[in-house]
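Q: So you can see what is in the structure, the chains are spelled out below.
There are 2 protein chains.
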Amino acid sequence: MTRVAIIGAAQTAFGVKPDATLKALFAAAVEAALDDIAKGLDPQEIEEAYIGSLVTGGSQLGNFGPLMAESAGLTGAAAQRVENACASSGFAFRDAVMAVASGRARLVLAGGIEKMSDLPRTRNRSWLGVSGDVEWERLAGTNFPGIYAMMARRHMHEHGTGRDQIAGVAVKNRGHALANPKAQLRRALSLEDALAAPTLADPLGFSDACGITDGASAVILCRWEDAGAFSDRPVEVVGSGAGSDVVALHDRAGCTRLDAVRRAARQAYAGAGIEPGDIDIAEVHDCFTIAELLAYADLGFCDEAQAGRLIDEGETRLGGRLPVNVSGGLIAKGHPIGATGTGQIVELVQQLRGEAAAPERQVPDARYGLAHNVGGSGGSATVHILKAAA
Amino acid sequence: MTRVAIIGAAQTAFGVKPDATLKALFAAAVEAALDDIAKGLDPQEIEEAYIGSLVTGGSQLGNFGPLMAESAGLTGAAAQRVENACASSGFAFRDAVMAVASGRARLVLAGGIEKMSDLPRTRNRSWLGVSGDVEWERLAGTNFPGIYAMMARRHMHEHGTGRDQIAGVAVKNRGHALANPKAQLRRALSLEDALAAPTLADPLGFSDACGITDGASAVILCRWEDAGAFSDRPVEVVGSGAGSDVVALHDRAGCTRLDAVRRAARQAYAGAGIEPGDIDIAEVHDCFTIAELLAYADLGFCDEAQAGRLIDEGETRLGGRLPVNVSGGLIAKGHPIGATGTGQIVELVQQLRGEAAAPERQVPDARYGLAHNVGGSGGSATVHILKAAA
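As you go down the protein sequences, you meet chains A and B in turn.
For the first sequence, this note's numbering gives the first residue as 1, with consecutive numbering after it.
For the second sequence, this note's numbering gives the first residue as 1001, with consecutive numbering after it.
Source of the hints: derived by calculation from the structure; they are not laboratory data.
There is no bait here: all hints are sound.
Straight-line C-alpha distance at most 25 Å; calculated DMTMM-like pairs for lysine to aspartate or glutamate:
1) Lys1017(B) with Glu135(A)
2) Lys17(A) with Glu1135(B)
3) Lys23(A) with Asp1251(B)
4) Lys1023(B) with Asp259(A)
5) Lys23(A) with Asp1259(B)
6) Lys1023(B) with Asp251(A)
7) Lys387(A) with Glu225(A)
Turn these sequences into a full structure, and let the hints steer you where they fit.
A: Okay, structure coming up:
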């Protein structure tokens, strides 16, 4: 099996950027990813580009991949757009891994972009809802806060998970983001304030959710055997998994687990030849606080009933046994939908190289990092495992 | 290099289908592709599904891949949507080839779907325009008929190509479609009527363009070495190429060639180890008549200046040296955007197996077939070469 390396990775700062065009935003991420390649790379040498985006800023709905590639100077690449809701660039990254592994492409880019602020704010809930099952969920009047609220309520009912444990995810991730210069929401959140936030969809409040974010991210891959020509510290992609599931929540066997994630995780761990206990750092898809608790069990870090305890005991906090979302996660780093999957990879690459932007953010001696990217409420998901160079 | 086989391929009839839902339409194509596998295949064994669509019927903009996979009973697949304008399923097919070639997936589906009739008819020109460069083309007031008309006018100016030669493409393809039960437009067209059709964008008339079409198509792939377990007559994918280009026409070096196609073709021929002269049958992207003439030269069948002559001399007609668009092509079989790329593959598979739906449509002893799928006005393209089993 061909081994795959990451030789460059970068993201724009995440936030609301009314002055940046789609083209400029994506070009900035690609330029930074190229700059991250110590020994240099001519962008024209990149042969394939997989670019994740959900709604392309609402304007360039067709041929979006080629337009973004053009704007970033990737004139030698065959570019395509991948859409898998909030997991768009998780899937784009997986496609890039496949392309390198196939032996049919030497240098490949995976990236993502979303300009959520270009869409009318009052309609954001409506267009975000298009990633649920439109026929059975959106037209029935529910939306993502409502769907994740149902999962949260069920988790509380089945496992005795506390409202404070759910809110604790936001408190942790907001704390992590304070030291991340790329994060959107760098304001500490106390548990008291989290619990006192206005209700979004009971039991979730506004501080349990991510917001409206613009951003782009890009990662450059090649065969492991070629990586030394570009980088002194390549990171290896040792596991890649993906899954999908019925899109509507009511059709699934349960509300407190995502089977698409479990399938993706099994595949990724098997590829890497490791167990959940080997993971040193994880970036997980906390679009809502409850989603991070679901991820703990779906990724094998603990049983479903123990997820809240990981928060209570600080195990997933920076400094804990398994730091999760040291970047701030979707809740605090931000969730520019199409850019999130490869944005998670960027954070892991920096951590596994020992180059976290602020020293206090660095997870010491991290060897294996895991990225978990979920589309919608679990209709699709990817899990990737990266390994630091020895 | 891992060899890749097609073991099943099918499409729905193309046409306007107001009563078919997106889900039912895609499920029908997948069911037919599964039925095409002589020795049977449980749909749950399919591991990856790449599904091309431009506008997803305008409703299910997010997580479209998983929703289509679910509706088709592909419950074991990781599904994703690929959007590359009119080349969406050409790219989806290429992704499927990469996935099999990577050794990381055993059974993979590529497909496509579009329900154009679900979108308001009066706005069709407007939403189709989103595959051009929105900033420089659509907002400047042009659309695809206008862009292809500029290419046609320039081809006439540079190469002396005649209006009758351009219209002759439609006459040929409409004639081919008469015997294709899957084709949308089964009415013969005379050259006189073609030239007398109302002007769409000078010099092109209404019979130079494809119309509004609903449809879906699906193809199932595996490693060549596994193919015998499923089919007695697998078809091999010997060449896969893709390219992209600047999206706006005014930014390109010329108007009478598509460099994305030329790059894709070079890659596909090199992979197959053959020359253009070895091709026995081709399905090319005739969204407008002029596009087929461009394709002749871009694919190496002749020089640019000779493209019109191939029509005059009947070389690309059924019975000629190199039959092109025996299915009827986009103009007459129909162009349900996301379904077109894998729809072309379906036609070639049937021809290379000697199983064309009507005996009079069969190209005798075809060994190599080529599929050419273009996104927008050439912002992206794929070229695939298939080979009949010995």
